[in-house]
Amino acid sequence: AQKVTQAQTEISVVEKEDVTLDCVYETRDTTYYLFWYKQPPSGELVFLIRRNSFDEQNEISGRYSWNFQKSTSSFNFTITASQVVDSAVYFCALSGGTTDSWGKLQFGAGTQVVVTP
Amino acid sequence: NAGVMQNPRHLVRRRGQEARLRCSPMKGHSHVYWYRQLPEEGLKFMVYLQKENIIDESGMPKERFSAEFPKEGPSILRIQQVVRGDSAAYFCASSPRVRVGNTIYFGEGSWLTVV
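Listed in order, the protein sequences are those of chains A and B.
The numbering of the first sequence is this note's numbering, which starts it at 200 and goes up by one.
The numbering of the second sequence is this note's numbering, which starts it at 878 and goes up by one.
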């Protein structure tokens with residue numbers, strides 16, 4: 200069975216501080232995909248990033264960066280120099296890498312990020 | 878994700894009424910997924926449909942819930958005889974085809990309130 204754990208319920212920071220969101224996953228699949236989605240107060244789900252299990256290269260995209268480590272089954276997400284507009288709930292999600300399992304995302308409970316001016 | 882259209886955005890129903898939620902996938906997408914976000918349970922997969930076919934409904938409640946994706950028109954999630962526990966946000970996502978690695982885009986969600 201697949202499982203995604205986001206141990207942090209809420210993180211509060213002051214603007215311009217960095218924020219790191221933890222995500223730990225469990226799966227028996229050898230091929231799988233990991234995602235981060237953002238849910239701002241308006242409610243929609245915004246896709247941020249997708250990584251497959253064979254791509255452990257970490258990446259930086261603007262103020263966002265990701266740290267994927269298969270050895271510890273972690274897929275952490277960092278917002279650098281946070282802004283008030285980053286306030287949202289952030290979800291980590293996992294999908295199997297087969298056609299049968301694609302699209303059936305297993306979501307973590309989410310981490311509420313609150314950025315204050 | 879702006880291309881996945883869901884309506885209504887907000888829906889209020891009395892207990893016992895029916896709720897119909899509609900999802901128009903992104904242009905060219907023939908695969909639709911429905912998810913439910915309950916207040917204390919997070920986001921859960923409900924059903925996966927292709928045009929005119931239900932592929933996987935393992936997350937659908939056994940009673941009162943049904944989904945369809947006709948050849949023409951949007952996908953419909955139908956909840957009969959709603960109860961207060963059905964109050965949730967319902968999200969639709971679409972994908973162009975079952976190709977592992979395709980990004981899955983979500984709509985803005987439909988918020989159902991049962992009073």
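Hints may contain errors.
Unchecked claim - Computed footprint of chain A on chain B, listed as stretches where at least three residues anywhere in the stretch have a Cβ under 8 Å from a Cβ of chain A:
| no. | segment |
| --- | --- |
| 1 | 889 to 898 |
| 2 | 949 to 959 |
| 3 | 962 to 970 |
Unchecked claim - Within a straight-line C-alpha distance of at most 20 Å, the following computed EDC-like cross-link-like pairs (lysine to aspartate or glutamate) qualify:
| no. | chain 1 | residue 1 | chain 2 | residue 2 |
| --- | --- | --- | --- | --- |
| 4 | A | 202 | B | 929 |
| 5 | A | 202 | A | 216 |
| 6 | B | 921 | A | 299 |
No lab work stands behind these hints: they were computed from the structure.
Yeah, the Cβ is synthetic: ideal placement off N, Cα and C, and Gly gets one too.
Outcome of the hint check:
no., hint, in the structure
1, 889 to 898, "violated (count 0)"
2, 949 to 959, "violated (count 0)"
3, 962 to 970, "holds (count 3)"
4, 202/A <-> 929/B, "violated, 31 Å"
5, 202/A <-> 216/A, "violated, 30 Å"
6, 921/B <-> 299/A, "holds, 17 Å"
The earlier numbered hints that this structure contradicts are 1, 2, 4, 5.
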